[in-house]
Amino acid sequence: MGNNAIDITENEFLSLIKKIFNVDFQTEEDESEAIDEFKRISEHPSGGDLIFYPEDGTEDSPEGVLKVVKEWRAKNGKPDFKN
Numbered sequence: 008m009g010n011n012a013i014d015i016t017e018n019e020f021l022s023l024i025k026k027i028f029n030v031d032f033q034t035e036e037d038e039s040e041a042i043d044e045f046k047r048i049s050e051h052p053s054g055g056d057l058i059f060y061p062e063d064g065t066e067d068s069p070e071g072v073l074k075v076v077k078e079w080r081a082k083n084g085k086p087d088f089k090n
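So that you can map any letter, position 25 of the sequence shown is 32 in our numbering, and since no number is skipped, the others follow by simple counting.
Hints are not guaranteed to be accurate.
As the list claims (entries may be wrong) - In silico DMTMM-like cross-links for lysine to aspartate or glutamate, where the CA-CA straight-line distance does not exceed 25 angstroms:
| # | residue 1 | residue 2 |
| --- | --- | --- |
| 1 | 82 | 35 |
| 2 | 25 | 70 |
| 3 | 89 | 44 |
| 4 | 77 | 19 |
| 5 | 25 | 37 |
| 6 | 26 | 38 |
| 7 | 89 | 63 |
| 8 | 82 | 37 |
| 9 | 77 | 66 |
| 10 | 77 | 14 |
| 11 | 46 | 36 |
| 12 | 46 | 31 |
| 13 | 89 | 17 |
| 14 | 74 | 63 |
| 15 | 26 | 40 |
| 16 | 82 | 56 |
| 17 | 82 | 38 |
| 18 | 85 | 43 |
| 19 | 74 | 38 |
| 20 | 26 | 56 |
| 21 | 89 | 35 |
| 22 | 74 | 17 |
| 23 | 82 | 67 |
| 24 | 85 | 31 |
| 25 | 85 | 36 |
| 26 | 85 | 35 |
Just so you know, the hints here were simulated from the structure itself, not pulled from any lab data.
With these hints in hand, go ahead and build the complete structure from the sequences.
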């Protein structure tokens, strides 16, 4: 996967979020790297907290996290995911 949203599709990013939600990793290091990748791609100031400590009123699911990231990126003039 790429290092920012313009290098990754929405489906690829959603797959990464799902993998983190499901703790689908061989090692803690792999999990840590995936969380770091999520933070790099999303650029959201809440980082991994979006996944582990969602704000009240937000959907606690991979799709809910994706929605928050997309809305924040749009509001802050960040590029959208590639098609």
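Outcome of the hint check:
Among the hinted pairs, residue 82 with residue 35 is inconsistent with the structure: their alpha-carbon atoms are about 33 angstroms apart, more than 25 angstroms. Under the criterion of a C-alpha separation no larger than 25 angstroms, the hint pairing residue 25 with residue 70 is consistent with the structure, at around 9 angstroms. Restraint check: the Cα-Cα separation between residue 89 and residue 44 comes to about 17 angstroms, which is no more than 25 angstroms; the hinted pair holds. For a cut-off of 25 angstroms, the pair hint linking residue 77 to residue 19 stands: about 14 angstroms separates their Cα positions.
With a C-alpha separation of about 14 angstroms, the suggested pairing of residue 25 with residue 37 holds against the 25 angstroms cut-off. Straight-line distance between C-alpha atoms of residue 26 and residue 38 comes to about 9 angstroms, which keeps the hinted pair within the 25 angstroms bound. For a cut-off of 25 angstroms, the pair hint linking residue 89 to residue 63 is broken: about 29 angstroms separates their Cα positions. About 31 angstroms separates the Cα atoms of residue 82 and residue 37, which puts this hinted pair outside 25 angstroms; it is violated.
Taken as a hint, the residue 77 and residue 66 pair is honoured in the structure, with Cα atoms around 14 angstroms apart against an allowance of 25 angstroms. With a C-alpha separation of about 15 angstroms, the suggested pair residue 77 and residue 14 falls inside the 25 angstroms cut-off, and the hint holds. At most 25 angstroms may separate the alpha-carbon atoms for a hinted pair to count; residue 46 and residue 36 meet this at roughly 15 angstroms. With a CA separation close to 17 angstroms, the supplied pair residue 46 and residue 31 stays within the 25 angstroms bound.
For the suggested pair residue 89 and residue 17, the alpha carbons sit about 7 angstroms apart, so the restraint of at most 25 angstroms is met. Note on residue 74 and residue 63: the hinted pairing holds, with a Cα-Cα distance of about 14 angstroms set against a maximum of 25 angstroms. With a C-alpha separation of about 12 angstroms, the suggested pair residue 26 and residue 40 falls inside the 25 angstroms cut-off, and the hint holds. Between residue 82 and residue 56, the direct Cα distance comes to roughly 19 angstroms. Compliance with the 25 angstroms bound is thereby established for this hinted pair.
Between residue 82 and residue 38 the CA atoms are separated by roughly 29 angstroms; this puts the pair beyond 25 angstroms, and the hint is violated. At roughly 19 angstroms between alpha-carbon atoms, residue 85 and residue 43 fall within 25 angstroms of each other, so this suggested pair holds. For the hint linking residue 74 to residue 38, the alpha-carbon distance of about 22 angstroms falls within 25 angstroms, and the restraint holds. Proposed proximity of residue 26 and residue 56 is supported: the alpha carbons are some 16 angstroms apart, at most 25 angstroms.
Restraint check: the Cα-Cα separation between residue 89 and residue 35 comes to about 29 angstroms, which exceeds 25 angstroms; the hinted pair is violated. At roughly 10 angstroms between alpha-carbon atoms, residue 74 and residue 17 fall within 25 angstroms of each other, so this suggested pair holds. For the hint pairing residue 82 with residue 67, the CA-to-CA distance comes to about 21 angstroms; that is within 25 angstroms, so the pair holds. Restraint check for residue 85 and residue 31: the C-alpha separation of about 29 angstroms exceeds 25 angstroms, so the hint is violated.
Among the hinted pairs, residue 85 with residue 36 is inconsistent with the structure: their alpha-carbon atoms are about 29 angstroms apart, more than 25 angstroms. In summary, the hint linking residue 85 to residue 35 is not supported, as the alpha carbons are separated by about 30 angstroms, beyond the 25 angstroms threshold.
Violated hints, listed in ascending order, are 1, 7, 8, 17, 21, 24, 25, 26; each of the other numbered hints is respected by the structure.
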